[in-house]
Amino acid sequence: MVTVDRTRGYRVFRVVNTIILTAVVVVTLYPFVNIVARSLSDEFAIRAGKVNLVPVGFTFRTYEFVASDPTFWTNYRNTVVYTVVATAIAMVMTTCYAYVLSKKHLKGRTFLIGIAVFTMFFTGGLIPNYILISSLGLKDSIWAIVLPNAISVFNLLVMKAFFEGLPVELEEAAAIDGMNTYGILFRIVLPLSKAVLATMVLFYAVSFWNSWFAAFLYMSQNDLFPVTVYLRNLIAGATTGTSVGADATDMTVATNIKSVTMVLTVIPILVVYPFVQRYFVKGVMLGAVKG
Amino acid sequence: MSTTRAIDASPDTGDPRRARPDPARAQRPPRRTWRQALRRDWQLYSLAILPLLFFVIFRYLPMIGNVIAFRKFQPGGSVLGEEWVGLRYVKMFLNDPSFWQVFTNTVVIGALTLLFCFPTPIVLALLINELRGRKIKRFVQSVSYLPHFLSMVIVAGLVMEMLSVDGPVNQLLRAAGNEPVAFLQEAGWFRTIYVSSEMWQTVGWGTIIYLAALTTIDEQLYEAARIDGASRWRQIWHVTLPGIRPTAMTLLILNIGTFMAVGFEKILLLYNPLTYPTADVISTYLYRMGIVSNSFSYAAAIGLFEAVIGLALVMSANLISRRTVGTSLW
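If you read the protein sequences in the order shown, they are chains A and B. Every letter in the first sequence is one number past the one before it in the numbering used here, and letter 268, counting from 1, is 276. Every letter in the second sequence is one number past the one before it in the numbering used here, and letter 80, counting from 1, is 84.
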């Protein structure tokens, strides 16, 4: 090892490698810094193409403006409510089914697994789903977002793999002591599974926090939208020019508002991210190759 | 090594090591009848009821709902359509030039995504693996995972701001004395924008699995290669790459399987009528046909076609992979 490390070629490689990885980091972070700079800048400076990484004409006015829009806060609250409810339901459903699937002695287990796994490779598609949700009367309700996404098969398989790795002796001992299946699941298995449960909560919470299409598709009232749909309407309005006001001032305010709304939407993720990131990585490792 | 143990514990991963006999399976109790199984395990089965209802209602009913591809459907009428029309809608889209346009776009965008977004995580993982300091390594990883956690709406918003007429890219063009370009209004730029933003968002997250696979390669193999006088490059070629090949193959199968399902959400957010000639794909086309224009049966026929091709692609990729390199998903 030592001799190879000291060769000239390897030293050159390490310099090149450092440059490439620095570039990766810079390119990844650049859009975030740009958006923050825009959100704090004067609208005319943005329009003139002067704002890059540093705010020009520093102002908090746009933040005040966005914060004064009650729809923004209603939609933000909706996102929180949808995320909490959907994550809770998804966790119950996924945990129950994963536990059942982890029991190797269970008759019909292969069939139960097959039912879930097949849906990873073949789905009904957009139109039949739309007709289903409409005819179940779920449109314009939280259930249109929650119920169709109650189990992610990827998460299900991650949990199943985790449960299968738990020592069977504990469960057997509890069964001999007369504890029933529900008791074993809640008092023996789940306390041992805190790590995987935390990871799953994060997986679900992030996916519900970020989701927009289901709400966009099934909801038609402004006060039901999650904040992602609020943002998408701002963005779409600005690009097609339909909702932008006639005079130049309105247009620049619209650009500004977009940036501020994006910053405010992304902040919770950025704040929590450094602390929870390793759980995600763990979750992927557990699920491993099992895309 | 704890992570590899977890991988092995799952009986149907694409891991070749699964061929090893499973001890739990060897001591499986004798077959029971359904009556015995239900009496013994009814509590377990009861836990499966709600999840099964979920799968039946929200996954399998829509599959059955696809019969409207062969039946005339009227909004407000029967959910399963009014009358059989045979292959009318299938013939309709096969004769629709717009369909072939979006089909081509789908294949091109899918192929470009596969070409650029499948190998880059491998390269990035190898580069990160060569970093020495633990802290710097972790920092690079954390930063590169970040875009994975963003909503597609945010990603689309960032793309728009970066490429807007007053954004950083056009500032650079202007500084170099060029005219600004309205990137998102030009069909010629769409694929480049799509693929590069896809890379920006997925490359870091894609490295996780490879970095995990790299840690499982036996250090003795490297030692043996060094004793044989292998250079750093040869070690990578003969030890590292074969070590991550099963992982790469499995991911390749999965990527090929999702080949046709190119990022519907992102395209929907980024395209506009000016870029339809290159940006419009099967999923966005059927969205506009079905949801926007209410031609449900026509859109369902296209959707079913897409889903069947998707399934066929996974199955054939899986078969080829099993025959040639001995790795498969099932």
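These aren't lab readings, by the way, just hints derived from the structure by calculation. Among the clues, some could well be false.
Within a straight-line C-alpha distance of at most 30 Å, the following computed DSS-like cross-link-like pairs (lysine-lysine) qualify [unchecked claim]:
(1) K290(A) / K141(B)
(2) K139(B) / K202(A)
(3) K270(B) / K147(A)
(4) K202(A) / K112(A)
Bear in mind that the values here come from a model prediction, so they are computed numbers and not experimental data.
Okay, the hints, checked on the actual structure:
In summary, the hint linking K290(A) to K141(B) is supported, as the alpha carbons are separated by about 17 Å, within the 30 Å threshold. A C-alpha spacing of about 27 Å is found between K139(B) and K202(A), which places the hinted pair at or below 30 Å, so the restraint holds. Taking the CA atoms of K270(B) and K147(A), the gap is near 23 Å; set against the 30 Å cutoff, the hint holds. Pair hint K202(A) plus K112(A) holds up; C-alpha atoms about 22 Å apart against a cutoff of 30 Å.
No hint from the list above goes unmet by this structure.
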